[in-house]
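Engineer: Start counting the sequence shown at 1; every next residue gets the next number (full-length UniProt numbering).
Rather than coming from a laboratory, the hints here were simulated on the basis of the structure.
Accuracy of the hints is not assured; some may be wrong.
[As the list claims (entries may be wrong)] Here are the simulated EDC-like cross-link-like pairs (lysine to aspartate or glutamate), alpha carbons at most 20 Å apart as the crow flies:
hint : residue 1 : residue 2
1    : Lys54     : Glu146
2    : Lys54     : Asp7
3    : Lys54     : Asp125
4    : Lys54     : Asp156
5    : Lys54     : Glu106
6    : Lys54     : Asp88
[As the list claims (entries may be wrong)] Here are the in silico distance ranges between beta carbons for each label pair:
hint : residue 1 : residue 2 : range
7    : Thr408    : Gln29     : 53 to 59 Å
8    : Leu45     : Ala666    : 23 to 29 Å
9    : Val121    : Asp686    : 33 to 39 Å
10   : Leu45     : Glu328    : 46 to 52 Å
11   : Gln29     : Arg419    : 46 to 52 Å
12   : Thr262    : Glu377    : 35 to 41 Å
13   : Asp7      : Arg456    : 50 to 56 Å
14   : Gly11     : Thr508    : 30 to 36 Å
15   : Asp299    : Glu276    : 43 to 49 Å
16   : Pro573    : Asp81     : 29 to 35 Å
17   : Arg456    : Ala280    : 39 to 45 Å
18   : Asp77     : Tyr574    : 28 to 34 Å
19   : Gly11     : Leu581    : 21 to 27 Å
20   : Thr621    : Ala507    : 23 to 29 Å
Nothing here was measured: the structure is a model prediction, and the numbers come from that model.
Beta carbons: idealized from backbone N, C-alpha and C, even for Gly.
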Amino acid sequence: MLYGRLDGLRGEVSARLAGVLRESGGTPQAVLERDVAAARCAEQLARFDAAENKLCFGRLDLADGERRYVGRLGLFDESDDYEPLLVDWRAPAARPFYVATAAAPEGVRRRRHIRTSGRTVVAIDDELLDLAAADGADGGDGLVGEAALLAALSADRTGRMNDIVETIQAEQDRVIRSEHQGVLVVQGGPGTGKTAVALHRAAFLLYTRRERLARRGVLVVGPNAGFLRYVGQVLPSLGETGVLLSTIADLYPGISARRAETAEAAEIKGRPVMAEVVAAAVRDRQRVPDEPWVIEFDDQVLSLDRETCERARERARRTGRRHNEAREVFVAEVVEALARQMAELVGADVHGGGNLLDEEDVAEIRRELRGDRAVREALGALWPVLTPRRLVADLFARPELLASAAPTLTEAERGLLLRERAGGWSPADVPLLDEAAELLGADDRVARTRAERERRDRVAYAEGVLEILAGSATQDVEGEDDPEVVLASDLVDAGALADRHEDRAHATVAERAAADRTWTFGHVIVDEAQELSAMAWRMLMRRCPSRSMTLVGDVAQTGDLAGTSSWDDVLRPYVADRWRLERLTVNYRTPAEIMAVAAAVLADLGPPLDPPPEPPTSVRTSGAEPWRCAAPRAELADRLARMTVEEVAAVGEGRVAVIAPASLVAELGAAVLAAVPGASVGEDPDLERPVVVLPVARAKGLEFDSVLVVEPALVLAESPRGANDLYVALTRATRRLGVLHSAAPPSALAGLREWDGGRRDG
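Given these sequences and hints, build the entire structure.
Structural biologist: Spelled out as structure tokens, the structure:
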């Protein structure tokens with residue numbers, strides 16, 4: 001019945017879309033309205049298509065006899081006063097499905113989990129929550145839908161994250177449905193479902209605050225492009241397609257930030273002091289001459305002295321406008337001084353020292369000065385029009401500019417930042433470009449001139465149309481104008497008609513937001529938030545002035561040198577203490593055998609963290625004990641290749657990851673690729689391949705059936721936060737974990753069972 005109702009809705013919307021697409025001609029306004037209607041229909045169809053798989057996954061039998069079906073979207077019976085046939089999982093009426101327990105049944109007598117394949121029910125799991133009916137119930141909280149949850153956790157990985165809408169647990173549901181309007185921080189260790197919770201919270205907010213968020217949109221920020229591809233299907237599967245997924249590197253329109261740089265350089269660029277450096281770099285480009293600037297104009301010699309330029313600069317700065325906008329004030333002051341100087345010279349030549357030029361003459365001199373090449377060159381040198389790209393590129397390419405703007409950095413630190421102009425941008429450059437854009441403002445003179453010219457052309461055309469219509473309306477009227485005849489010009493003027501016929505391109509909120517650096521979002525979700533630098537936080541806060549944000553992460557997994565070890569340090573400059581911390585404590589991904597190993601590494605983390613990390617509690621075991629294997633360095637790659645083949649056989653249709661120090665990825669990847677031709681290797685591997693070889697930094701947020709961690713001692717040595725990196729690497733596995741090393745392993749791994757030639761558990 002539910003699928004029949006879904007098919008009926010799909011048919012209705014498809015017919016409506018077909019009718020809209022058949023419409024042709026009409027005014028640009030009509031075309032725009034048609035495009036908007038088509039987009040709305042397409043969005044509805046996408047939501048119906050997303051609900052096709054596992055449309056209904058639960059049922060609540062309430063104590064009062066009511067029965068509610070829970071699924072991916074709400075369906076109603078239009079013939080029966082819109083009675084609900086299927087309750088959207090985000091609706092308040094569905095909440096007991098995720099939080100009811102025997103101790104607190106929320107009015108639920110029985111909760112049923114329905115598992116389907118296509119449109120066929122393949123399994124049913126019932127939980128009796130009525131203590132009188134549930135013989136032997138322990139009254140504890142336990143896991144919601146344990147059978148369905150463990151079935152989902154035990155399934156093979158596919159290289160793409162699935163939604164958890166069927167198996168959301170109570171502590172996750174609390175975060176997803178949180179009513180907190182400000183900054184919500186979700187701290188959780190590996191496997192606690194932080195990413196899934198963040199994405200489902202995005203879907204929940206779009207459901208409950210759709211009217212507001214539909215206009216401004218939701219931004220989801222992830223650590224890298226591979227991660228975004230990994231989670232990219234979750235929101236569409238929940239029926240939400242209007243969310244912008246981006247990395248920090250891609251948040252500046254028109255910039256592809258893929259340039260590699262050292263971790264040390266990236267850390268410097270992420271420091272808060274870089275905001276002062278960029279501001280100083282802007283001020284440094286607002287120059288005054290040491291010696292008078294000589295300008296030859298109309299057979300006269302004009303002098304632009306330091307005092308005049310300082311006065312003009314001070315007046316421009318006092319306006320509070322941004323650099324490119326304040327430039328017009330500077331230009332006006334300088335041109336005025338030159339015009340007065342020119343007037344005095346002309347008056348002295350012609351009238352023996354007296355100045356008889358009136359204001360109209362001086363105004364003409366001003367116009368000529370503005371168009372003079374020598375004057376433009378002087379103004380361009382003293383107060384140039386700057387783009388963020390030019391400012392930042394000049395700053396890092398010219399040692400003298402960097403030394404002037406960044407006196408608080410050491411010479412060695414400034415040396416790390418210097419580079420050639422060519423070579424593109426790095427991810428750490430993007431917040432600096434954004435900072436520069438805020439300080440510079442746009443030089444939109446050309447765009448304004450073009451827009452004004454195009455509007456004048458449209459108005460002129462509209463005036464011609466109105467004249468033709470007026471002639472047509474009165475051509476049959478004899479004698480003088482008939483006051484009874486209503487003309488088109490009586491109803492609309494040429495300007496309004498021109499505006500009505502302006503072509504407007506229709507784009508989704510996400511498309512418009514991606515193209516507009518100044519776009520502000522209704523809500524921002526940040527995954528792996530502990531990795532963001534101080535400068536990245538400045539950029540994100542500009543994108544969300546309402547400070548409506550959900551930040552998920554784990555300070556124990558911070559690997560970036562510019563990242564944080566304290567949420568309070570990150571947020572206090574923006575919201576003081578007005579933020580809320582929620583913790584996720586249950587590990588659904590990592591088996592207890594593997595988490596015990598990772599917990600030993602967690603205990604060895606260096607500086608104190610805020611909040612102090614606690615290893616999450618695993619809900620299951622895998623039966624496969626983690627192991628380690630020592631091999632000579634010369635044999636390491638070959639041994640790894642053989643072990644990878646064994647792991648592929650052990651996990652069947654699942655996924656295997658080799659996580660290695662960045663310096664060894666290419667060498668080890670070549671060996672694995674020779675043994676497993678379908679493998680994917682590098683910084684941005686194809687996660688849907690059966691085997692991937694990648695560095696620790698690219699493994700964050702991902703999960704695999706089996707993980708082989710190579711040279712853990714080198715993982716520790718390659719980064720000042722190597723212990724955090726190793727903790728991340730060890731907690732990516734859902735079933736099996738092996739460690740391969742040539743150097744002595746860290747003490748936390750020394751007790752692992754030694755490899756026994758392939759005869760391992762599981």
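Engineer: Please flag the earlier hints that this structure goes against, numbers listed from lowest up.
Structural biologist: Result: hints 5, 8, 14, 16, 18, 19, 20 break, sorted rising.
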